[in-house]
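K.L.:
Now for the letters of each chain:
Protein chains: 2
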Amino acid sequence: MTDTVKYLLDESRIPRRWYNIMADLPTPPPPVLHPGTKKPVGPDDLAPLFPMSLILQEVSTDREIDIPGPVREIYKQWRPSPLFRARRLEKALQTPAKIYYKYEGVSPAGSHKPNTAVAQAFYNKEAGVKKIATETGAGQWGSALAMAGAFFGLEIKVFMVRVSYNQKPYRRALMETFGAKCIPSPSSETQSGKAILAQRADHPGSLGIAISEAVEVAATNDDTKYALGSVLNHVLMHQTVVGQEAMAQLEMAGDYPDIIVGCTGGGSNFAGIVFPFIGAQLRGGKKIRAVAIEPAACPSLTRGRYAYDFGDTGHLTPLVKMHTLGSTFTPPPFHAGGLRYHGMAPLISHCQELKLIESKAYTQTEVFSAGVQFARAEGIVPAPEANHAVKGAIDEALRCKTEGKGKTILFNLCGHGHFDMQAYTDYFSGKLTDQSYDEKELAMALAGLPSVSA
Amino acid sequence: MTDTVKYLLDESRIPRRWYNIMADLPTPPPPVLHPGTKKPVGPDDLAPLFPMSLILQEVSTDREIDIPGPVREIYKQWRPSPLFRARRLEKALQTPAKIYYKYEGVSPAGSHKPNTAVAQAFYNKEAGVKKIATETGAGQWGSALAMAGAFFGLEIKVFMVRVSYNQKPYRRALMETFGAKCIPSPSSETQSGKAILAQRADHPGSLGIAISEAVEVAATNDDTKYALGSVLNHVLMHQTVVGQEAMAQLEMAGDYPDIIVGCTGGGSNFAGIVFPFIGAQLRGGKKIRAVAIEPAACPSLTRGRYAYDFGDTGHLTPLVKMHTLGSTFTPPPFHAGGLRYHGMAPLISHCQELKLIESKAYTQTEVFSAGVQFARAEGIVPAPEANHAVKGAIDEALRCKTEGKGKTILFNLCGHGHFDMQAYTDYFSGKLTDQSYDEKELAMALAGLPSVSA
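If you read the sequences in order, they're chains A and B. Heads up, the final residue of the first sequence is numbered 453 in numbering that gives the first Met the number 0, and it's a clean run with no missing numbers. Heads up, the final residue of the second sequence is numbered 453 in numbering that gives the first Met the number 0, and it's a clean run with no missing numbers.
There could be a bad hint or two in this list.
Copies of the same chain look alike in the list, so a pair counts if it works inside one copy or between any two.
[To be verified] Here are the computed lysine-lysine pairs in the BS3-like style, where the Cα-Cα straight-line distance is at most 30 Å: (1) Lys180 <-> Lys90; (2) Lys5 <-> Lys75; (3) Lys406 <-> Lys75.
Since the hints were made in silico from the structure, they are not lab data.
Put together the whole structure using the sequences plus the hints.
P.N.:
Structure follows, in structure tokens:
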């Protein structure tokens with residue numbers, strides 16, 4: 000009865016400020032460029048898409064930004080989220096390492112996404128916006144924004160990648176339960192959707208196409224703005240409540256991480272847990288190893304090029320410098336839908352260039368094997384995305400075993416897998432296989448990157 | 000920022016003892032009878048099915064029973080569970096009532112069931128048992144025991160009602176992820192299953208049949224015991240951690256309930272939250288109204304007869320006195336699979352006879368309407384079973400509004416609906432309708448009750 004496994008903070012300990020790593024980076028990331036002029040964009044260029052308060056957060060270099068009262072009030076529903084010591088997993092691995100995990104699956108939508116969804120809905124509501132258009136792949140972001148919309152009385156329209164819309168009816172049902180409208184993309188509601196459907200009526204869709212549709216709806220409707228669930232600076236910043244809480248909880252445990260692991264799709268859950276620790280390091284604190292884990296079938300950080308690229312397929316977004324596989328790259332349909340994006344958050348990409356983070360890619364079957372081992376030890380069934388972080392943490396713990404070192408490992412278990420059980424069924428039946436992208440397609444997508452003389 | 004919405008207790012506040020209402024009842028419930036002799040059963044009669052430690056708990060009249068250290072250690076994973084003040088729901092209802100809910104969906108299996116699953120697995124392991132056979136309807140109990148089996152290294156075999164096995168592949172996937180074996184019932188693995196299949200090869204199964212199969216496997220295999228997820232005294236007692244915690248959390252809030260609401264299938268989640276409060280009342284504390292909510296399509300408490308009956312269809316179990324619709328009664332296939340049982344826990348039935356609790360029945364569409372309203376206000380999508388409690392609590396809150404009374408309402412949100420989204424899809428598409436049982440079938444089932452001259 001002496002081993003603590005769960006570190007809880009009182010709701011008074013919900014962070015009062017988001018942490019902005021821009022303030023501590025030795026050099027700023029390259030500017031965002033206008034797709035036409037290829038000159039740096041100003042706040043006004045983004046005004047059709049976002050309320051000004053979020054645009055100012057996007058470009059802010061302040062170290063801390065106050066979390067509005069109504070946002071913290073809603074955070075109380077699931078924050079502070081628990082930090083667990085994975086004692087049964089440690090025992091199963093026979094590792095001298097200590098493994099901690101921050102569990103974001105306790106949010107009502109089941110992932111870390113509500114941390115930014117609630118903030119974005121709040122600022123939009125405050126700016127008098129009535130409707131928000133967005134896209135979703137696996138559905139975690141769409142359902143988080145749907146929930147936030149219900150809380151603030153905003154209409155939410157979600158363009159859901161058609162293949163996911165058909166394969167994941169339960170994520171769709173969750174969005175509808177929260178009152179959102181969910182549309183399979185490509186759709187006939189937008190010009191960009193119609194253009195794709197004209198080429199191929201049964202197009203399965205992609206995140207890049209769905210982004211184009213949502214951006215178009217926002218750009219062409221005065222009462223509608225756009226919201227993105229990852230990639231952008233302000234989105235990553237909203238997620239830093241995760242790392243700030245983890246730091247306080249590890250302090251309760253009398254510990255500090257040597258290694259922090261997270262999975263990366265657009266980069267927001269990884270940034271959320273590591274940025275506060277990297278910031279502390281940059282301000283003279285302890286050096287940590289921050290390891291981003293990505294799918295081998297969509298390896299932007301480990302195989303992508305660091306270059307200016309569009310965020311969407313329709314080329315409606317500004318150009319950002321990031322590790323990218325090219326905006327026309329279509330990853331194979333592996334189960335971690337939240338990690339199927341061609342690019343990486345510019346801030347994460349910049350951190351990799353600055354050698355503040357490492358990255359590593361794993362195949363689908365090995366991460367599911369790790370996820371099942373984790374579930375049997377700890378009881379929580381991770382989302383397919385989170386299985387990547389689990390695998391990364393287990394490998395670090397096994398390395399500690401080999402080296403006889405009792406290091407402290409922290410990872411972000413960014414969501415549960417309750418809506419992804421088909422993937423587990425496929426795994427057990429042997430239908431879930433390792434998929435790889437087409438090397439020629441990748442080469443073509445990279446060759447098609449926009450030319451920017453920066 | 001001043002309104003607390005979540006009351007958390009440190010893991011040191013996990014209850015150290017289960018509460019046994021037997022110690023405080025003014026009269027004991029009628030004895031359990033041997034199905035052959037119709038004389039009261041002794042502990043030895045139950046020994047083929049359960050380890051002696053659980054049998055002694057079943058018949059104990061001690062007020063408190065110590066929770067073993069290893070069980071509390073595992074409870075730490077999700078206990079103490081949060082108590083929420085439903086401020087946004089109160090606002091939506093414009094009620095002067097205060098609504099609190101205890102949320103058991105934070106357990107890794109998503110419901111209150113692990114509270115007893117872990118305890119039962121522990122005592123079986125301690126007794127040298129290698130395998131446990133059980134049944135499950137909707138799958139909440141089966142997945143909870145599967146998880147507990149994984150923690151203690153026990154083989155778990157789950158007979159899952161065939162219609163649910165086919166309709167709910169994701170609950171099955173969850174059990175398999177934890178390493179359990181899940182078999183559609185009726186099966187050809189048992190004599191009772193074969194007998195049913197001989198009559199009808201495509202029989203959809205029922206909870207009563209699945210219980211017969213699991214009991215038969217336990218009774219005929221030396222290394223195998225049986226486990227039940229509700230109904231029995233020791234199971235209800237294990238759930239009293241819920242009510243004990245809620246009492247401590249309401250004390251943090253400076254409050255005490257006037258009304259407590261829970262849904263009832265076998266009775267365990269309702270007993271878990273109300274028994275500690277009823278016990279306090281019986282020992283001279285404040286009188287509360289405890290309201291059991293059941294489905295109108297399977298109304299054991301509101302329409303059943305208080306009589307001796309079998310727990311299963313194959314008549315392998317002892318006879319217990321309970322509110323029952325008759326062991327041959329087959330409820331229509333409504334979505335709250337966890338509430339589709341012909342009988343009620345003897346202790347709950349006895350409490351109703353003693354007028355310590357009230358009961359009320361609702362139809363399926365009205366409880367889903369309440370569940371959707373709750374989800375949009377509070378963010379959590381309840382399980383179909385829990386929607387009954389939500390509806391009961393909302394109705395009490397609306398009554399407070401009519402009467403202008405600011406009462407304190409507590410209800411048990413016993414699980415989330417992530418594995419039940421098809422039901423929500425059906426609700427939104429209008430396919431989910433109110434189903435009623437056949438009055439003639441009920442009359443026949445009641446006419447077939449065993450005759451006991453007690």
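K.L.:
Tell me the numbers of any earlier hints that the structure contravenes, in ascending order.
P.N.:
Violated hints: none at all, because every hint is consistent with the structure.
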